[in-house]
Structures are given as C-alpha cells and as structure tokens.
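Read off the chains here:
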Amino acid sequence: MTDDNRLRHLIIVGGGTAGWMTAAALARFLVDGFTKITVVESDAIGTVGVGESTIPQMRIFNRMLALDEDEFVRRTQATFKLAIEFVNWRKLGDVYYHPFGPYGIDFEGVSFHAYWLRLSAMGQAAHLDEYSLQALASRQSKFMRPINAGNSPLSTISYAFHFDAYLYARFLRDFAEKRGVQRKEGKIVDVGLRGEDGFIESVVLESGERLEADFFIDCSGFRGLLIEQTLKTGFEDWSNWLLNDRAVTVPCADGGARNAVTRATARPAGWQWRIPLQHRIGNGYVYSSAHISDDEAASTLIASLDGEPLADPWMLKFKAGRRRKTWHKNCCAIGLSAGFMEPLESQSIHLIQVGISRLMTLFPDRRHAQSEVDRYNRVMQYEYERIRDFLVLHYNTTERSDTSYWDYCRTMRVPDELADKIAIFKSHGRVFRENEELFNDTSWFAVMIGQGLWPDAYDPMATVMDPQDLRTRLDSIRATIANSVARMSTHHDFIRQNCAADPVKFRRKAGAH
Amino acid sequence: MSIGAPLRNVVILGGGTAGWMLAAALSKVFNAKGAVNVTLVESEEIGRVGVGEATIPPITAFNALLGIDEDEFLRETRGSIKLAIEFVDWTRLGHTYFHPFGQFGFDIEAIKFHQFWRKLDLMGRTPGIEAYCLAAVASQLGRFERPPPDPRSPLSALKYAFHFDAALYARYLRRFAEKRGVRRIEGKVADAVQRSDGFIEALVLEDGRRVEGEFFVDCSGFRGLLIEQKLKVGFVDWSHWLPCDRAVATQCESAGASITPFTRATARKAGWQWRIPLQHRIGTGHVFSSAHMSDDEAAATLLANLDGPALVDPWILRFKAGRRKKFWDKNVVALGLAGGFLEPLESTSIHLIQAGITRLLALFPDTAFNPVEAEEYNRLMTSQYERIRDFLILHYYATERNDTEFWNQCRTMSIPDTLRAKIDLFRARGRLFRYEDELFADANWIAVLIGQNFVPEGYDPLVDAVDINAVAQKFERIRDVFERTAAGMPTHRMFLNRAAASGGRP
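Protein chains in written order, with our numbering: chain A, 1 to 513; chain B, 1 to 506.
Please note: incorrect hints may appear among the correct ones.
Unchecked claim - If you only want the chain A side, here are some residues facing chain B, beta carbon under 10 Å, derived:
hint, residue
1, N5
2, L30
3, S371
4, D459
The set of hints was computed from the structure by calculation and includes no laboratory data.
Virtual Cβ for every residue (Gly too), placed ideally from N, Cα, C.
With these hints in hand, go ahead and build the complete structure from the sequences.
Right, here's the structure in full:
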C-alpha cells in the first residue's frame with residue numbers, strides 16, 4: 001500500500017556545496033534504487049565559497065557518509081580548526097577565542113562558568129583561555145585528534161575543518177555518482193507547474209529537454225530559482241540587524257604559521273575572514289555597502305593579506321535574512337536558497353547539514369503531508385533565528401565607537417529573544433540553551449565574556465564552596481589543561497604526518513576557481 | 001544595575017511532599033557552609049494530599065542528588081517498584097495496554113524502531129509493540145531486578161520508578177533536612193506581611209509569632225496562600241480540556257502476597273481510578289467530573305472496585321486543572337500544588353515538584369530579585385506544565401468510547417494546537433518530535449498513541465530501503481532476549497524482601 005506513494009524521481013537543482021551534500025546524503029540512504037536522484041547543474045554558473053570554515057557537527061555528516069577523514073582532508077586541501085579567533089571586535093587591539101569544547105568542568109552541581117566568575121570577582125582567576133584545551137592549543141598552534149586517555153581532556157578534543165569548498169563538492173560528486181546519482185549538465189530555462197495545485201512538475205533545460213520529478217530540492221543559491229522565482233515564498237529581511245551586504249574575497253599564498261583557527265578581524269565597516277588551507281589561505285572582507293565603497297573594501301583586503309594574492313578579488317552581493325518558507329509544496333530549499341547569514345560563526349555548511357538531516361527525518365512521499373511540511377518550516381525557522389541572534393550578539397556588544405558603522409551596531413535594538421538572553425546573563429552570568437539551539441552555553445559564554453559583557457554578579461550557588469578550595473580546584477583544572485596541550489603536536493606536524501595533500505601549482509586567473 | 005547580596009533566609013511555607021523535597025534539596029546543596037538558613041513552617045493540623053504516590057524514572061536522579069540509598073528509601077517509605085502504567089478500558093471497554101518506562105527496541109540504520117514495527121505490523125508479522133520493551137515484559141511477569149551498570153547487558157536498558165507512601169516520604173525527607181540544619185516551625189499561618197512593593201516580608205502565625213525571610217517558597221497546596229491569596233497572580237483554567245475536578249480516595253488491603261510492579265489506571269464512566277500497590281497496602285482513588293457524576297456514585301464505584309477490605313473511610317478532594325499565571329512573582333515561588341494542578345494520570349505530581357526545584361536551583365536568586373530570572377523560570381515551568389497537559393489530554397481524546405456523555409465530550413473536544421500538530425504528524429507516518437525541555441520522550445508518546453489505537457497509517461519511506469526480512473529476524477531476537485531476561489528476574493515481592501533485609505540504618 002504505502003509503496004505506491006514513494007517518490008519515483010527527485011531532482012536537485014544546483015550542484016554547489018549544498019547540492020552535492022544533499023545528493024551524497026540521499027544516495028547513502030535511498031539504497032534500494034527505487035527513487036531516482038538527478039542533480040542538474042551548469043558548469044557555466046560559478047559556485048560561491050572559497051575557503052570554507054566549519055564547526056564540529058561537520059564530523060557527524062562525514063561519519064554518516066562513512067568518509068575516511070584523512071582522505072577527505074587530503075582531497076580537499078583541508079586543515080583542522082579548534083576555535084575562531086576574534087580580533088578587534090570588543091575594541092581595537094583586543095583578541096579573544098571562541099573555542100570548540102567546554103571551559104573547565106562543572107562540579108558540585110554548579111557550572112564552571114559560575115566558579116570562574118566568582119574567582120574573577122576575587123581577582124584570582126587566570127584568563128578564561130587557560131581553562132580551555134582548544135583555546136590554549138590555538139594560542140600555541142597545536143593540534144591533535146582525541147586519543148583514548150581516560151578522563152583526560154585529550155579524550156574529548158572537539159574539532160572541525162577548513163577546506164576548499166570547490167574540491168569538497170567534487171569529492172561528494174564522486175561519492176554520489178558512484179552510488180547511482182545522475183548528473184545532468186545544463187542551464188534551467190523554464191519550470192513547469194501542475195495546473196490544479198501549483199506543484200512543480202518539471203524543469204526545462206536550455207537544450208529543450210524536459211525533466212519531470214515528484215520532488216525538487218532547490219540548491220540554486222541566493223536567487224532561489226524554484227523556491228522564490230517560481231513559488232514566490234517571500235523573504236524575511238534581517239539587514240536591520242546584520243548590515244553587511246557584500247563581500248570581496250581573494251585567496252593568497254601561505255604566509256607562514258598555520259594555526260588551527262579561523263580568524264575574524266573586525267574592520268571599519270565589517271570584518272575579514274582568514275581561513276588557512278594546506279595550499280593557500282582564503283580571505284574575504286564582509287562589509288556594508290552603505291558604509292564603505294567596493295574599492296575601499298578591496299584595497300583594505302589586499303593590504304592585509306599574509307602573502308601574495310593568487311587571483312583577482314571577486315565580489316559577492318547578498319542580503320541577510322531567510323525565506324519565509326524553506327519547504328513549500330513539493331520543493332525544499334537547502335543552502336543559500338533557504339537563507340543567508342554572513343559566515344561569522346562558520347555556520348553555512350552546518351545550515352546545509354541541518355536542512356538535509358531534517359529533510360531526512362521528514363522525508364516525503366507523493367502525498368506530501370502538510371503537517372510534515374509545517375513542522376520542517378517551523379524547526380528551520382527556529383534554527384536560523386537562534387543563529388541570527390548569536391551573530392547579532394557579536395556586533396551589539398562591541399565597545400567600538402570609531403566609525404558610524406560600529407555606532408549603529410552598538411546602539412541598535414536587538415531581537416527580543418537576544419535581549420532576554422543578554423539580560424539574564426547580565427544579571428548572574430547564566431546562559432540557558434533553548435530547544436535544539438545550535439550554539440551551546442559554552443559558545444555564548446565565550447563570546448559574551450570575550451566581548452566584555454560582564455555580569456553584575458555571579459551565581460549565588462557558587463558561593464557555597466570555600467574560596468581556598470575553589471582556587472585549588474580551578475588551579476588543578478588549569479594545570480591539567482596546560483599539561484595536556486604540552487602533549488599535543490603542532491598543527492603543521494600533525495597534517496604533515498597524517499594527511500598532507502598533494503601540492504598545487506597556482507596559475508593566477510580572474511574570478512572563481 | 002541591581003547587584004544583590006546572597007540570600008540568608010529562605011522560608012518554606014507548608015510541609016507536604018513539595019515542602020520537604022525542597023527543604024531536603026536546599027539543605028544538601030547549601031550544607032557545606034550553612035550559608036543559607038532554611039526554615040519550614042507547617043502545621044500538624046492541616047491534612048496532606050497524596051496517599052500512595054506513583055512516580056516516574058527522573059525520581060532516581062533526585063534521590064541521587066540527595067545521596068539517598070535506594071534500599072533504605074524503599075524500607076522507610078514502604079515503597080515498591082514501578083515499571084509501567086497499565087491502562088484499562090481507555091481505548092474501549094475490555095481493552096488493556098501498558099505504558100512502560102524505557103525504549104521500544106533499538107533504532108536500526110538511524111531509523112526509529114517503531115517505524116519498522118509498523119511496517120511488520122501492516123504485514124501481520126509482529127505482535128504488539130509492548131513485546132519489545134523490557135519493562136512491559138517484566139511487568140506482565142510481575143518481576144524486577146535492578147539494572148547493572150554494564151551497558152552490554154540487556155537488563156541495563158530497564159528504567160524504573162517507585163510507588164511509595166507520601167506521608168512516610170515527607171517524614172523521611174524531614175529527618176534528612178533537619179539533620180542538615182533546616183529549622184522546622186510548628187504553627188498555622190494566619191497572614192503574611194507585605195512591603196509597599198508587594199514583596200513578602202514575614203509570615204504571621206495564628207499565635208502571633210512572625211517568621212521573617214528574604215525569599216518564600218509557597219508549598220501550601222491548592223489554595224496558594226502566598227502566590228494567590230496574597231500576590232493574586234491569577235490562574236489559567238484548563239478544565240475545558242481536563243474536566244475531572246474531584247477525587248475520592250481510600251486505602252485497602254492487598255488481596256495476596258504478590259505485588260504488581262506497575263500502577264493501574266482504569267477508565268470509569270466519568271473519569272478513572274488509580275491503583276498504587278505499596279508493600280503493606282494498596283492506595284486507590286477515583287478521579288471524576290462532578291458535572292457528570294455525583295460524589296456518592298463516585299464513592300460507590302470506588303468501593304465496588306477494591307482488591308481487599310477498605311482500611312479507611314473514603315475522603316473527597318476538590319481541584320481544578322490548570323496552572324498559576326506566574327509560578328514566581330516578586331520574592332515568592334510556588335511549588336507543587338500551589339503552582340498548578342494536573343490529575344496524576346501519568347504520575348507527574350512529584351516530578352513537577354522536582355522540575356521546579358532543579359530550575360529554582362539553576363536560577364537561584366539573590367536579594368536583588370532580578371525580574372529576568374523570574375521570567376525565565378516562569379517560561380521554563382509554563383512549558384513543563386503545558387507539555388504534560390497535552391500528554392494527559394491525549395489519553396482522553398484518543399478513545400473509541402461512546403458509552404457515556406463524559407467520553408463523548410472527551411472524544412469530540414477541540415484540543416490544543418501543540419497536541420493537534422503532534423497527533424497529525426504521528427498519524428500520517430509515525431513521526432514524533434519533542435518540544436523544548438519536554439518531559440515525555442518519543443517512547444512515552446508511542447506507547448500511548450499506539451496503545452489507544454492512534455496507529456500511523458503508513459511509515460517512514462526510508463524504511464523501505466532496509467531489507468525487511470533481516471529486520472524481522474532482529475525483532476525476533478529482541479523479543480527472545482527480553483523474554484528470557486525478564487523470566488530470569490526475581491519476582492517483585494522477592495526483590496522487595498531482599499531490599500528490606502539488606503543492611504543499613506533501621
């Protein structure tokens with residue numbers, strides 16, 4: 001009975017990172033050959049994404065595909081990532097880390113954060129970084145995968161990757177095609193709708209070929225070929241909170257030491273990323289066109305590279321916000337077609353991954369149950385909004401007053417949910433993770449403290465412990481972390497010994513890859 | 001900004017289960033320094049609600065927080081083990097199902113177990129889903145064994161809770177708390193003194209004594225002496241969804257030596273009857289809607305359905321389903337029945353106390369009483385109550401019964417949107433989602449939805465990608481392992497005798 005309703009054909013429109021991640025994941029699970037999967041992409045359309053930075057959840061995706069991690073690192077020129085280093089965000093000259101993995105350890109039912117705040121109030125705490133394995137290792141350019149070392153922090157090192165997004169899409173394309181996914185080269189010039197209900201019936205290629213399917217996944221990027229241009233689901237604009245609307249990017253030659261960190265440096269009207277890969281460094285300046293000209297942005301970027309530029313700077317335009325519906329009728333948008341937020345916390349790949357995993361848990365059949373579509377839209381909206389709040393936090397909590405851009409950010413009215421979170425933190429340094437919110441209390445704590453948002457008081461529960469005992473316990477945590485980091489290899493050595501990619505010869509050329 | 005000093009004096013009003021659970025928890029947490037003085041005011045003259053009390057597995061976390069030895073706890077409270085609730089006559093007259101603790105089977109290829117179960121069920125190749133939950137299998141056999149820590153043992157999946165005598169439990173916690181410095185004041189509260197901003201300053205006892213404090217926890221039960229009578233926060237009425245508003249309760253003798261390791265909830269004409277087995281007797285009560293049945297008829301129904309002779313005369317309780325608009329207002333937190341009431345159909349009363357305590361500890365105030373923290377507490381507790389409310393409503397709504405006006409009303413009522421969304425998703429293809437912080441997990445919803453015959457029409461399409469014959473073999477192995485594991489456990493009575501005989505303090 002239910003077999004009759006299974007999808008017979010599913011088309012993915014667009015073959016960038018989102019398209020091939022989706023194709024690979026579906027190919028991994030739809031193994032009985034019943035549902036045909038086709039990716040339509042055109043070599044004539046460029047893909048966005050140069051050096052891509054990720055968060056630890058990426059490893060879940062790789063594991064789901066049963067990828068060999070060393071092979072993945074080699075084939076995508078990847079490096080490892082333990083933290084984001086934020087430079088000039090709180091004020092000019094200031095640096096803090098947002099590390100993966102917790103600070104210290106909770107004890108006696110009270111959070112480490114509370115104890116650290118109390119010891120800080122007594123003037124006896126060390127810098128927060130010294131209680132985080134990832135932050136301390138980042139400072140010292142160290143890296144190692146977790147080892148089996150009992151309850152040592154070395155057993156639970158949490159990490160992510162930097163990689164070349166173009167190579168990653170290629171890698172996943174191999175994976176998907178080997179498992180039966182069809183790739184169709186061609187530009188889409190028309191979309192056929194079913195008369196009675198407006199469901200998508202087919203896409204028509206430049207060649208005139210018409211491809212029919214039961215379900216369509218829109219991975220066409222910003223423009224949203226199906227979800228917006230065809231189904232007109234609408235866009236919710238967040239640019240009053242996230243002003244940046246352009247980015248200029250350029251890869252450069254490696255300028256020396258390669259830390260296992262992404263660096264995000266605040267600039268007069270935006271910020272600049274630095275993503276180290278094995279063969280080069282990815283750089284980009286994300287800025288607000290209302291506050292700075294394209295030329296000025298490009299020259300700021302070029303002037304601050306670690307090495308020689310390997311291509312001409314390349315410009316992207318966008319607007320922060322999300323589609324009002326990411327799944328509508330028989331079309332689901334994944335990746336930039338679903339929404340855009342600047343990659344300040346390296347969440348772009350993660351949002352693709354979440355879109356895929358939520359789609360799999362609600363995988364449709366030809367009845368297209370509305371209750372499932374509604375559920376998908378609700379959870380994706382929540383996911384986007386909470387990440388938005390976390391990004392807005394970085395801007396709003398600055399002390400900078402050196403440009404009109406930062407004056408706006410510092411004084412803007414933030415979303416209510418964020419205002420609540422900040423108020424609760426200001427009161428006693430508490431953070432509550434809501435629902436399945438991506439960024440956990442460690443992340444919020446790292447950025448709030450890093451940006452200089454100090455609570456008025458610490459959690460009264462932390463007062464119970466004797467001050468001398470408290471000092472002793474925090475000292476011993478710090479010593480354990482220092483000893484652990486001393487046992488780690490350098491990031492450079494780790495890659496060389498385990499997963500070095502083939503060297504690449506660069507030819508200077510214009511535009512993307 | 002408001003920077004407060006640490007609290008020095010916490011006053012708990014009321015010494016029922018809620019009051020003494022909180023006193024015990026605070027005395028344990030602040031024990032180290034005596035940093036906070038905890039005073040509990042109660043009167044021997046005021047009766048307590050709650051006779052035989054049934055709980056759910058998170059209670060073991062509360063016991064662990066206090067560091068309580070489980071055997072001692074069972075001895076002191078004349079308690080027994082609970083593995084499930086048996087629901088009788090809910091789906092239709094003559095129908096029975098278990099809502100067991102713990103999971104059904106194991107997920108396969110990251111796809112939920114019950115999705116495979118449904119496919120095999122449609123093919124007529126599997127018994128009911130209860131055969132794949134160890135707690136249900138052991139319930140049927142009347143057996144129990146404490147799960148070992150070794151995760152490789154099938155027994156380690158067993159989840160359990162307790163039945164106990166609530167009065168003995170309160171007494172037990174009282175000894176625990178008093179030993180750790182909690183001060184108990186005997187006396188009836190006549191009034192409370194408020195500052196000009198409405199904050200409570202002191203309680204006034206009938207004999208004129210004043211009990212001053214900085215922070216007050218209202219555990220005064222239904223009437224909400226501080227939260228409602230003084231602060232007038234208001235009540236959100238849910239009786240249009242949960243029409244039962246009275247209970248008649250009693251205790252009776254057990255019929256034989258064996259003790260069922262589960263609570264029984266039997267649907268009646270205008271409500272339902274609980275049966276909670278303790279070591280020495282059975283607690284039982286009939287929850288009913290006074291709009292549909294008289295007190296006399298309710299009591300007669302109860303007395304006609306006892307295991308053995310009644311030990312006390314039945315007594316009546318009145319209530320209304322709903323919650324306070326605020327659980328925390330100014331310097332008062334309402335805990336237990338003072339915070340809200342939901343009938344004990346899924347044994348959530350003690351759990352709601354516990355949830356209030358853990359959230360209060362996570363947001364413990366200082367003298368500044370920053371309102372953002374009270375708001376967060378209210379937000380968290382509101383969602384706890386509402387999600388449990390939805391789960392209870394499901395039991396009434398998902399019925400085929402049409403033998404009385406009460407059941408016709410329940411079957412056809414309009415339900416909350418949050419519940420509607422859950423039911424629609426499940427009925428289409430067995431999909432379930434847990435809301436924020438929700439107490440009941442997928443397995444609980446599956447047990448009741450399937451138990452009450454809200455079976456999904458289809459199943460997850462990803463299921464078809466897996467070889468169903470291999471799945472059927474796995475299913476057979478799971479059933480076989482659970483049957484043999486359960487048969488190897490001691491009977492529930494033997495287990496309790498062993499716990500009673502194990503050493504420890506008298």
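Cross-check of the supplied hints:
1. For N5 (chain A), the interface hint holds, the least distance from its beta-carbon to any beta-carbon of chain B being 7 Å, beneath 10 Å.
2. Against a cut-off of 10 Å between C-beta atoms, the interface hint on L30 (chain A) holds, since the closest Cβ of chain B lies about 6 Å away.
3. A cut of 10 Å between beta carbons decides the hint on S371 (chain A): the least distance to chain B is about 4 Å, and the hint holds.
4. Below 10 Å, beta-carbon pairs count as interface contacts, and D459 (chain A) has one with chain B at about 7 Å; its hint therefore holds.
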